[in-house]
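J.: Here the structure of chain A is known, so what remains is to put chain B with the ligands in place on it, guided by the hints.
Chains A and B supply the protein sequences, listed in that same order.
Counted from 1, the first sequence has number 39 at position 39 by the numbering used here; the numbering is strictly sequential.
Counted from 1, the second sequence has number 85 at position 85 by the numbering used here; the numbering is strictly sequential.
Just so you know, the hints here were simulated from the structure itself, not pulled from any lab data.
There could be a bad hint or two in this list.
Examples of chain B residues toward chain A, derived with CB under 10 Å [what the hints assert, rightly or not]:
#	residue
1	Arg-29
2	Cys-54
3	Lys-87
Straight-line alpha carbon distances no greater than 20 Å define the calculated EDC-like cross-link-like pairs of lysine to aspartate or glutamate that follow [to be verified]:
#	chain 1	residue 1	chain 2	residue 2
4	B	Lys-87	A	Asp-134
5	B	Lys-67	A	Asp-116
6	B	Lys-67	A	Glu-120
7	B	Lys-68	A	Glu-120
8	B	Lys-87	B	Glu-101
Listed next, the stretches of chain B that the computed footprint assigns to chain A, with coverage defined by at least 3 CB atoms under 8 Å from CB atoms of chain A [claimed, not checked]:
#	region
9	1–7
10	55–66
11	88–99
Idealized CB from N, CA, C, for every residue including glycine.
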Amino acid sequence: MSSAVIEKKQKRKTDRELNSFKAVFPSRSANEGFARMLTASFVSQLDPTVSELADIKTAVSEAVTNCIVHAYPDSVGEITLSGKYYGDGQVVITVKDKGKGIENVKEAMQPLYTTDSGGERSGMGFTVMGAFCDRLRVSSRLGAGTSVTLTKKLSRGE
Amino acid sequence: MHYTCQTEGQRLTVTLYGELDHHGAVSLRSELDRLIERERPRFFALCLSEVSFCDSSGLGLVMGRLKKCASVGASMVIREPSVAVEKILLLAGMDKLIKIERTERV
Ligand SMILES: Nc1ncnc2c1ncn2[C@@H]1O[C@H](COP(=O)(O)OP(=O)(O)OP(=O)(O)O)[C@@H](O)[C@H]1O
Ligand SMILES: [Mg+2]
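Here chain A stands alone, though its shape is the one from the complex (with noise of 0.2 Å):
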């Protein structure tokens, strides 16, 4: 088992959930538009900026996207998205896969990190979640799977 967190604001003290949703489709690349529509309705429920959207849209695609390119390189495996918010404006996804894992997370989510050898990849995807969001998470299990937390909190939640 390896797990890393990126934080940029301490973690507060959640309040109460007020929503959440719970998504499972296949590895499948035409997904990736998929998920963010997904997350984007979801999230539109609290009002977010443009801007807050667009950061939430852009950091569930790279784990939805890396979960089709490195979970499953060779086959069609599972996709678990869930997200929540809370009455304070935060909002927490999940990605969740059952592919093949991550050996040393930290190591993975180093900026230009890539075991992608075709030159197509720029190795930034867990640094953009990263910056987009206040909070990255990542756990996984070689052999097992790798679960992705992206926690940020909206501006006009009170």
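T.: Positioned in the frame of chain A, the structure of chain B with the ligands alone reads:
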């Protein structure tokens, strides 16, 4: 994801439309490479004003084409990145690797 292209002398300009994610990038990269191979431009401009979404797969697409251009002796620029594209380009420090051309927004 779709694109249009335009050649003016030695300059090939490709404008991308839509969401530049992994799904969109997969088919696009080989099409762009074929286009660059065929046209052999001196200058290759990738216009990103109509791209409404871009994640690190989009960065990968840009970096891959930068390498492709270098391999055929073309110099590449990015033109008019939309707000969505610009944020991630700057986060990744791409402005240090590739020239970004913008016309002044009034
Ligand atoms: N869900 C996952 N399952 C297995 N390995 C993963 C997963 N997510 C990430 N990784 C590993 O972590 C590395 C870094 O991921 P990151 O998203 O930062 O970069 P990348 O996907 O390689 O490139 P980019 O996101 O810029 O296209 C990957 O190359 C891969 O080895
Ligand atoms: Mg990635």
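J.: For each hint, tell me whether it holds in the structure or not.
T.: Status of each hint after checking the structure:
no.: 1; hint: Arg-29; verdict: holds (6 Å)
no.: 2; hint: Cys-54; verdict: holds (8 Å)
no.: 3; hint: Lys-87; verdict: holds (8 Å)
no.: 4; hint: Lys-87(B) to Asp-134(A); verdict: holds (17 Å)
no.: 5; hint: Lys-67(B) to Asp-116(A); verdict: holds (16 Å)
no.: 6; hint: Lys-67(B) to Glu-120(A); verdict: holds (10 Å)
no.: 7; hint: Lys-68(B) to Glu-120(A); verdict: holds (11 Å)
no.: 8; hint: Lys-87(B) to Glu-101(B); verdict: holds (15 Å)
no.: 9; hint: 1–7; verdict: violated (count 0)
no.: 10; hint: 55–66; verdict: holds (count 8)
no.: 11; hint: 88–99; verdict: holds (count 3)
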